[in-house]
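Engineer: Generate the whole structure from the sequences, applying the supplied hints.
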Amino acid sequence: MSPDHAHSHHPEPIAPVEARVAALETVLAENGLLDRTALDEIVAHFEDDLSPLNGAKVVAHAWVDPDYRARLLDDGTPAIAELGFGGPEGDHMVVVENTSTVHNLVVCTLCSCYPWPILGLPPRWYKAPAYRSRAVREPRALLREMGTAVPESVEIRVWDSSAEVRYLVLPRRPAGTEELTETALAGLVTRDSMIGVERL
Amino acid sequence: MHDLGGLAGFGPVEIEADEPIFHEDWERRVFRINTAAMTAGLIGGGRFRHSIERMAPDHYLSSSYYEHWLTGLATLLVERGVASRDDLEARAGGRFPLSGPDRGSAPGVSGGDPTEPRFAVGHQVRVREWHAPGHTRAPRYVQGKRGVVTRHDGAFSVPDIEAHSDAKHLEPTYSVQFASRELWGEGGSPGETVQVDLWESYLEDSQ
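Protein chains in written order, with our numbering: chain U, 1 to 200; chain Z, 1001 to 1207.
One or more of the hints may lead you astray.
Said to hold, decoys possible - Rough simulated footprint, nothing fancy, chain U against chain Z, three-plus residues with beta-carbon under 8 angstroms:
#: 1; region: 1061–1075
#: 2; region: 1087–1095
Unchecked claim - Here are the simulated DSS-like cross-link-like pairs (lysine-lysine), alpha carbons at most 30 angstroms apart as the crow flies:
#: 3; chain 1: U; residue 1: 57; chain 2: U; residue 2: 127
#: 4; chain 1: Z; residue 1: 1145; chain 2: U; residue 2: 57
#: 5; chain 1: U; residue 1: 127; chain 2: Z; residue 2: 1168
#: 6; chain 1: Z; residue 1: 1168; chain 2: Z; residue 2: 1145
Keep in mind that the hints were calculated from the coordinates and are not lab data. Think of the CB as a built atom: it goes at the ideal place given N, C-alpha and C, for glycine as much as any other residue.
Structural biologist: The following block contains the structure:
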């Protein structure tokens, strides 16, 4: 069956996206499948509870606690769960550590896979063709263009999230932060540093 | 049009400062519809992804992420008989573009679910080349390429099967490391590697 083919020369203009969304909503509602109150609670959870602040707490804790860092790198999912984070798109976490010789970068070339529980929903650029096409082909040039110079002596390792694992980059702790508290350290950790498009 | 790794011509990455989670209220409503359809069991991971992959290339590239979701969801609901296209268009008051037909079929499998990995860490493998007309999670840019297994990740449902049937077949998955030069030849760069996560049946022995 080809729903699109039969209409390929349809003279009508495309309905505005809001009208298409409303059409789908009414169909689901008439089928008893749109419990707006319950669903709004789920959506609010994504908006209010899932954000890069969660990932920043994981990173800062790994910076101050060597045993935690070891557990995090050995098996990311339970270590992240120790801080209370987990759920869909975070059930199989692998944490990759930046070092003096390796810089890690995360992408999903096929769609938009992203670790929701610790970074929230992904930004537009992460889902857009420019980033997805270029990250695996010319990562060093792409990062330079995005304002992040990675020295030639540092290997760039790109992680294409093509199966069930979702990745978190563990950035290097910035120099001169020995006196900072864990909370203050978390404040230094950006979303982009945990994707690998920024170095702290 | 979704299999973008290595394609040229998309230009710079455009970063939006202080980006909101949803740019428009309709995006939030699409997220809500998606949650409803997931909860109702109308869509699963492989089928939903493939419903978006089947979008017309010009529509895929010219529409935003949540319009992809909207189009895929509407396509699946029409294909499952929950709504007709005419009905959706009458309600929307205009044309409602849907994704193209599903041309894929689930690959056959024999035996049970293998859960013990066939390839050890350090094993050299080659990604099979089959250029499936349907859903797969083997990106085109690694098909035919050689890499080294660096990690075992346990057994998961093969997307190629679950996207085109109601069956689920578990297989070990691996992270495989590819040198940039292996993937891009003269255009590759030393000091760059790409790790791709792949199901066991995507791989063959290349020792």
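Engineer: Take the hints in turn and mark each one as holding or not.
Structural biologist: The hints, checked one at a time:
| no. | hint | in the structure |
| --- | --- | --- |
| 1 | 1061–1075 | holds (count 8) |
| 2 | 1087–1095 | holds (count 8) |
| 3 | U:57 with U:127 | holds (25 angstroms) |
| 4 | Z:1145 with U:57 | violated (38 angstroms) |
| 5 | U:127 with Z:1168 | holds (28 angstroms) |
| 6 | Z:1168 with Z:1145 | holds (27 angstroms) |
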